[in-house]
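Number of protein chains: 2
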Amino acid sequence: MKLSSGSLARLINELAGLPGIGPKSAQRLAFYLLNAPLETAENLANAILEARKNIRYCSLCANLTDAEMCPICADPRRNREVLCVVEEPKDVLAMEKVRAYKGLYHVLHGAISVRDNPGPDQLTIQQLMNRLQKGQIKEVILATNPTMEGDATALYLAEQIRPLGVKVTRLAHGLPVGASIEYADEITLTRALEGRQELNKQ
Amino acid sequence: MKLSSGSLARLINELAGLPGIGPKSAQRLAFYLLNAPLETAENLANAILEARKNIRYCSLCANLTDAEMCPICADPRRNREVLCVVEEPKDVLAMEKVRAYKGLYHVLHGAISVRDNPGPDQLTIQQLMNRLQKGQIKEVILATNPTMEGDATALYLAEQIRPLGVKVTRLAHGLPVGASIEYADEITLTRALEGRQELNKQ
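Protein chains in written order, with our numbering: chain X, 202 to 403; chain W, 202 to 403.
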């Protein structure tokens, strides 16, 4: 494609490098950014630069934050005896959205891969063990993904944590709400059966 | 959604303002930009800022360009007797991609709206008429979109240009290649019938 402007070609090229953005979308976004008010384009560019400059890992939970400690760790109303271990910062977002959890988090920044990297050393597992050794945390909820890597990570962490006398739990596996049993895969159905619970008598 | 970082919230928010990017995509792109090499994020931000700084309209055809005159207008190998009138810079890209056209372009930056703005004054029609009055151009190909606005614009331009004695043509309407007659809409089929061509005897 011959472009009439080098700056436009470069912009389309950079946009097309983003995940999930194909060449057509990149072109559409580039023309949008050229036609939008100058402020819109500048705000986006500055938001990218500032995010890269300001965002670091929370010194306690390794979540993304602008400050030394993230707002969740710094919040005195959170229950400091329960710790939810997740793979990525986006999992914290997902957990916070449901508003059902009031404890603290620990972000691993990955999962133990069965085949190759990252191994346990590249995750924030040592940092997690240091937190647990202080003795304030009574329960660790392993909220890694229900994938091969997430399961391997949960098993590894459970083994590491149990000797400390801390209660270790895992998010329940089973049928997602709204799903139909007919279309559930076998592993999900097996897990749902294994995790079956007695209905309380009313 | 409670975010652990103001910079992250701002970045997600700016990304979600782009057309075709929903909240989930914006979140995914933001985490990508944070995890990617610093250079990737900076290149994108700088490409946006530089495109806004450098890109202007070509003084001849009003296409987007970094220079006073766009590479197509400046190219001595292009046929300066044929002019293709399009609505938007992206239409020039589409035409150039097929490599079947060797003339020059004129970008209107919109189409005449049947209901409201932009009216003929807000497009580059006066600039187009000035080009035609110089007498070098022998044919104007109206390549506005086959929409109500594009058709209105083509009709308006044809009326304006004909008194100058310049040949005015329009891109053919009809069935797109690969389409089936069964699913073609009535207007397309009517146009295809009207524009039917005799098959040459072999």
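Since the hints were made in silico from the structure, they are not lab data.
Where hints are given, some of them may not hold.
The list treats identical chains as one, so a pair stands whether inside a single copy or across any two.
Taking lysine-lysine and the BS3-like style, the derived pairs with C-alpha atoms no more than 25 Å apart in a straight line are [as the list claims (entries may be wrong)]:
no., residue 1, residue 2
1, K335, K368
2, K303, K291
3, K339, K225
Inset, instruction - First find the shortest C-alpha distance between K335 and K368 inside one copy, then the shortest across copies, and answer within, between, both or neither for a cut-off of 25 Å. - result: within (15 Å within a copy, 86 Å between copies)
Inset, instruction - With 25 Å as the alpha-carbon cut-off, assign the pair K339 and K225 to within, between, both or neither. - result: Intra 52 Å, inter 34 Å, cutoff 25 Å: neither.
Inset, instruction - Give the relationship of K303 and K291 under a CA distance limit of 25 Å: within one copy only, between copies only, both, or neither. - result: within (17 Å within a copy, 50 Å between copies)
In summary, the structure is inconsistent with hint 3 from the numbered list given earlier, while agreeing with all the others.
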